[in-house]
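Start from the sequences and build out the full structure, keeping to the hints where you can.
2 protein chains.
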Amino acid sequence: MKVLFSTTNKHKIAEANETGKIYGIEFEQINFPYPETRDEKFENIACEGVRYVYEKVNKQVIVEDSGIIIDALNGFPGTFSAYAQKKLGNKGILNLMRDVEERNRTGKYISVVAFFDGKILKTFVGTVDGKISTRERGSSGFGYDPIFIPLGYAQTFGENPEPKKEISHRRKSVEAFCKFYVKYNEGVK
Amino acid sequence: MKVLFSTTNKHKIAEANETGKIYGIEFEQINFPYPETRDEKFENIACEGVRYVYEKVNKQVIVEDSGIIIDALNGFPGTFSAYAQKKLGNKGILNLMRDVEERNRTGKYISVVAFFDGKILKTFVGTVDGKISTRERGSSGFGYDPIFIPLGYAQTFGENPEPKKEISHRRKSVEAFCKFYVKYNEGVK
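In order, the protein sequence lines correspond to chains A and B.
In terms of full-length UniProt numbering, the first sequence opens at residue 1 and continues consecutively.
In terms of full-length UniProt numbering, the second sequence opens at residue 1 and continues consecutively.
By construction, these hints were calculated from the structure, which means they are not laboratory data.
Where hints are given, some of them may not hold.
The list makes no distinction among identical chains, and a pair is therefore deemed to hold if it is satisfied within one copy or across any two copies.
Said to hold, decoys possible - Under the rule of at most 20 Å between Cα atoms (straight-line distance), these lysine to any residue pairs were calculated in the SDA-like manner:
1) 183 - 167
2) 86 - 99
3) 108 - 30
4) 10 - 34
5) 86 - 100
6) 12 - 118
7) 86 - 75
8) 59 - 146
9) 179 - 14
10) 21 - 82
11) 41 - 82
12) 183 - 89
13) 91 - 121
What follows is the structure, encoded as structure tokens:
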């Protein structure tokens, strides 16, 4: 089964297909950038995005919005994670947190997949708790991976991307979507 | 002459009226928060905002969008200045710039007033160049004023708000609007 996934980010497609193949789903990238509002809820941005893309392609489609919420920064960068990464980079985040003690360096990655077929609009949320490292470590993955240490691990996602396949926010949201979609597709047939 | 000014920020009204009184214009606050896009151009946000508010009130109206562009931070926080102030505060900005040398601490405040009467859409831009201080100084004004030293001065806008009346970004954008509006109003009569 092919599922259209609108994103400008090839990494997301690759990660999604790691999960999709378990469920017999192949995600196919299409690129319809959608206007993002300043909403601070990932669900809202994903829902508005998937409706926008659906109107363009008139086919069932998913989008995914994700980011990192850092507790010591009042939730920053949250839904502005891509923008903050572009402007400030991981070095900027580390500078912002230079005075933050180890025990307060908590945060989480969030991923929300939104699906729309013209009638049914559904969202699937995945999160992974962790800590922000004190320096960039490793170069695997993308975005905040080199400064994100998932709970229960010693290495950042940048040093060791293996756990992402099992415990990442995107793994969880995509898997939740896949489970839904397998049933949905049976219902459609 | 009264001019409707849609903003949630009373400080902006007070500042605008300092300028407006010179031109016989009184700015009256109305509060119609408009959805801001993630556009990185102040002009676009102001234009979209004033069109939105006009549709709500069906009367000629202005909005103002402003922020600070910091060169060493790739233009951050720019059109996200209010959000960054809320999440990170001036301490956050100072942390981001902790390693930035004096000569590279340049930035500017920008203000864009947008006017719409249902037909004519006009924008008025004001800027003030300056530097980002190394610590918060003074408590006058609001936003980034305690860390912004206008070019040619030694004190921040937070320490000495007097220069704002003459050289601030908002002074300039509002004055440009006032000059336009006096003529516009003569034409309408």
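Tested hints:
no.	hint	verdict
1	183 - 167	neither (23 Å within a copy, 64 Å between copies)
2	86 - 99	between (23 Å within a copy, 19 Å between copies)
3	108 - 30	neither (28 Å within a copy, 39 Å between copies)
4	10 - 34	within (16 Å within a copy, 33 Å between copies)
5	86 - 100	between (23 Å within a copy, 18 Å between copies)
6	12 - 118	neither (24 Å within a copy, 43 Å between copies)
7	86 - 75	both (18 Å within a copy, 11 Å between copies)
8	59 - 146	neither (36 Å within a copy, 52 Å between copies)
9	179 - 14	within (18 Å within a copy, 56 Å between copies)
10	21 - 82	neither (27 Å within a copy, 43 Å between copies)
11	41 - 82	both (14 Å within a copy, 17 Å between copies)
12	183 - 89	neither (40 Å within a copy, 47 Å between copies)
13	91 - 121	neither (37 Å within a copy, 41 Å between copies)
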